[in-house]
Amino acid sequence: GENVEQHPSTLSVQEGDSAVIKCTYSDSASNYFPWYKQELGKRPQLIIDIRSNVGEKKDQRIAVTLNKTAKHFSLHITETQPEDSAVYFCAASIGTGGSYIPTFGRGTSLIVHP
Amino acid sequence: EAGVTQSPTHLIKTRGQQATLRCSPISGHTSVYWYQQALGLGLQFLLWYDEGEERNRGNFPPRFSGRQFPNYSSELNVNALELEDSALYLCASSLFSGGYEQYFGPGTRLTVT
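These protein sequence lines map, in sequence, to chains Y and C. Those letters in the first sequence? Residues 1 to 114, per our numbering, in order. Those letters in the second sequence? Residues 1 to 113, per our numbering, in order.
Don't read these hints as lab results, they were simulated from the structure. Model, not experiment: these values are computed from the prediction. Every residue gets a Cβ at the ideal spot worked out from N, C-alpha and C, and that includes glycine. Hints may be right or wrong, so weigh each one.
[Said to hold, decoys possible] Computed, partial: chain Y to chain C, Cβ under 7 Å: (1) Y32; (2) P44; (3) L46; (4) K58; (5) I101; (6) F104; (7) R106; (8) G107.
Using the sequences provided together with the hints, build the complete structure.
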């Protein structure tokens, strides 16, 4: 089955700095890669996703890049703010044949210091 | 639009008992997914229901089961509870079978003593 590795487990930055979280996956058939943000005590929320026919996607201060050859994808957050502090999860999934099962990374705790 | 709801918020059981957790998807969503979020382990896929049928299950023992009702709500049953079943159980829904975007509920915190 799919295996997703996520690094780092903890990331501490100063407000205004950039943050990068990286994930690798094992199954080359995976074609959908969402990122979720989970604030303390709250539900995970989809913040951005990318599909395998796209190399990069941006949404304001966040961006995701995908390298299918190397089987890794990354989340980039620019101009970090204290409200970006949360646990971020990446996932990889095969969305074909009606069998969509995402495999999640273990999460990165991002701490943004004011 | 109301989001995914789950009940109860917290559930405390003793080892060997059974637990029942409930989930109501976003209106119009037909697929429901269940995940276990244990501390430090991320989200582990448990079960996927669509149109009333179990479509797939994760690497969990058979004492984890569930069902989906005609109104697309779902329940997760955990029999013969063990201490390691203590975790946050999250439900998510998507618009259609195999839908990419999943929307999560607030979760049920299950504590087994």
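Violations among the numbered hints, reported as their numbers in ascending order = 4
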